[in-house]
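Visitor: Here's the letter readout for the chains.
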Amino acid sequence: QKEVEQDPGPLSVPEGAIVSLNCTYSNSAFQYFMWYRQYSRKGPELLMYTYSSGNKEDGRFTAQVDKSSKYISLFIRDSQPSDSATYLCAMTPLLNSGGSNYKLTFGKGTLLTVNP
Amino acid sequence: DTGVSQNPRHKITKRGQNVTFRCDPISEHNRLYWYRQTLGQGPEFLTYFQNEAQLEKSRLLSDRFSAERPKGSFSTLEIQRTEQGDSAMYLCASTLGGNSYNSPLHFGNGTRLTVT
Chain A
1 QKEVEQDPGP
11 LSVPEGAIVS
21 LNCTYSNSAF
31 QYFMWYRQYS
41 RKGPELLMYT
51 YSSGNKEDGR
61 FTAQVDKSSK
71 YISLFIRDSQ
81 PSDSATYLCA
91 MTPLLNSGGS
101 NYKLTFGKGT
111 LLTVNP
Chain B
1 DTGVSQNPRH
11 KITKRGQNVT
21 FRCDPISEHN
31 RLYWYRQTLG
41 QGPEFLTYFQ
51 NEAQLEKSRL
61 LSDRFSAERP
71 KGSFSTLEIQ
81 RTEQGDSAMY
91 LCASTLGGNS
101 YNSPLHFGNG
111 TRLTVT
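Sequence lines, in order, name chains A and B.
Note that the first sequence covers residues 1 to 116 in our numbering.
Note that the second sequence covers residues 1 to 116 in our numbering.
Careful, some of the hints might be misleading.
Unchecked claim - Calculated cross-link-like contacts (lysine to any residue; reagent style SDA-like; alpha-carbon spacing at most 25 Å): (1) A:LYS103 - A:VAL13; (2) A:LYS103 - A:TYR71; (3) A:LYS42 - B:LYS14; (4) A:LYS103 - B:LYS14; (5) A:LYS108 - B:LYS57; (6) A:LYS103 - B:ILE26; (7) B:LYS57 - B:LEU39.
No lab work stands behind these hints: they were computed from the structure.
One chain only, chain B, in its complex shape (with noise of 0.2 Å):
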């Protein structure tokens, strides 16, 4: 399979601990999103890499939020001290970038976290 993957598939966690999750794009695509989705909602966009450059960060991305992508390939998503409220669905998506918009996002299958 060649597409974006996500790992954990599911993480159940206690308020206030910290989570990781990982993200591997498709690997000749140098932009990397995360998007957050809650249930009956669509997705939210939260930040992006253009390799390893982390280009925008938005205003739903708390300080409680880190996300890195070390060597512009994988990317992780941390967040410090679960809240209730940030139980969701997170999405990894990744394109070609550039000036092409014939490059769409395509989405992984997110990590679905259920903060107790």
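Isolated chain A (complex conformation) (with noise of 0.2 Å):
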């Protein structure tokens, strides 16, 4: 079992519809969690990170972690033509210090498609 399970997809869905993405874990020491966006041939791109449960709002974005069932969600609301893009969860322990070393697990990554 991987340490951190994703389903590829791929996802299509119409313009405007609330999309949600979810990654589970199974390593407990994971604090730091993270959204990437990956165009074609691009690099990831950071939407989101949060360290806590609960849920974390930016936009059209909500990163949403529970901790207790090793689970992760991204929702996007509204979305867009524009969001069309593989995402991918990514997370990490904190050190003991505070802070990370960021040596990332990432999932495989979902490919979403908005359609126009």
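These two chains come separately, so use the hints to put the complex back together.
Guide: Listed below in structure tokens is the structure:
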């Protein structure tokens, strides 16, 4: 079993839909969670990061973390064709001193297409 | 553009040849990372530097791979005697580092290596 599981999709939705993307993880040491968006032939672009359970909102994006279930989600409201990309979850432990060494463990990524 | 810069964008080489990639991180970032991403997978950690010191190397980094960051600014990743299994996207990322977990990892657009 991989440390981070992410359904690769593909996921196809109509413009304006609410999109839900999810990852599960097995390593309880993971405390710092990130979502990246990756367009074809480009590097991952950071969307959101969080290190606490609960919700964090930024514009049309909401990141949700449930540490008790080892489950994280990214919600995209009012999805746009420009949101079409691969979405990668990533996570890593926090150090005792605080902060992170950023040795990230990624999911495989979910390919999202938003149709106009 | 003040993001992470990688060159070349694409490299095609024959099996057995040596290749070298360059990464210029965001200027004030003292931590620099190399990741590798194969098709349909998330990026995997290879190695990272704090200033000019290489702090950790993944088991994925065979002895054919060497990375340097001689003056704590740009970094190079060299692969000797390339094999077809080395074909991948090589991603560089940087962060401020230290104990701040409010400075997540920012990636470049990668160097795509094709070994024929």
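Visitor: Each hint needs a verdict: does it hold in this structure or not?
Guide: Hints, verified against the model:
no. : hint               : in the structure
1   : A:LYS103 - A:VAL13 : 33 Å, violated
2   : A:LYS103 - A:TYR71 : 19 Å, holds
3   : A:LYS42 - B:LYS14  : 24 Å, holds
4   : A:LYS103 - B:LYS14 : 31 Å, violated
5   : A:LYS108 - B:LYS57 : 22 Å, holds
6   : A:LYS103 - B:ILE26 : 18 Å, holds
7   : B:LYS57 - B:LEU39  : 22 Å, holds
Comparing the model with each numbered hint stated earlier shows that hints 1 and 4 do not hold.
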